[in-house]
Amino acid sequence: MVILRTLHTHYIWPVLVVVAMLYGAALIIGLVQKRAYGRLPKLGGMLLLILMDLQLLAGLAVYGIQQRWNDVDILRSYEHPFQMIVAIVVFHVGYRQVNRTVDHQKKLRNALIWMGVAMIILGLGLVRIKGMMGT
Numbered sequence: 004m005v006i007l008r009t010l011h012t013h014y015i016w017p018v019l020v021v022v023a024m025l026y027g028a029a030l031i032i033g034l035v036q037k038r039a040y041g042r043l044p045k046l047g048g049m050l051l052l053i054l055m056d057l058q059l060l061a062g063l064a065v066y067g068i069q070q071r072w073n074d075v076d077i078l079r080s081y082e083h084p085f086q087m088i089v090a091i092v093v094f095h096v097g098y099r100q101v102n103r104t105v106d107h108q109k110k111l112r113n114a115l116i117w118m119g120v121a122m123i124i125l126g127l128g129l130v131r132i133k134g135m136m137g138t
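Numbering-wise, my numbering comes out as the position in the sequence shown, counting from 1, plus 3.
Cut-off 20 Å, straight-line C-alpha distance, at most; resulting in silico cross-link-like pairs (EDC-like, lysine to aspartate or glutamate):
1) 45 with 56
2) 37 with 106
3) 45 with 106
Hints are computed from structural coordinates only; laboratory data are not their basis. Source: prediction; values computed, not measured.
Throw the hints in and build the complete structure from the sequences for me.
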């Protein structure tokens, strides 16, 4: 249990944040310099997708082992996992839509929009964790 929680909280999460920042920077630079959606954004998106999936699997394992649904505050115990699943689904849908787009500038713009929406949902889900932001 401790290994899964440490993996979920201290190992995957910081790498995911760094990759998301680098991916976002690559998308913005590509848009500003009017570059093609090349290898770097494509690799960054795929790596971010894999890390988000690993984070979800580790989080669901921790959630299942902790048996948080037996808690007194049922709504709050379901809220964080639900928001994380929604954010990952949004990122998957966006990633699929970006890969279907033909125009490189539209790809960069769509990737930035979908990633931004997913990261906002992730951020809102993190705020709902007990002990964060004074709640």
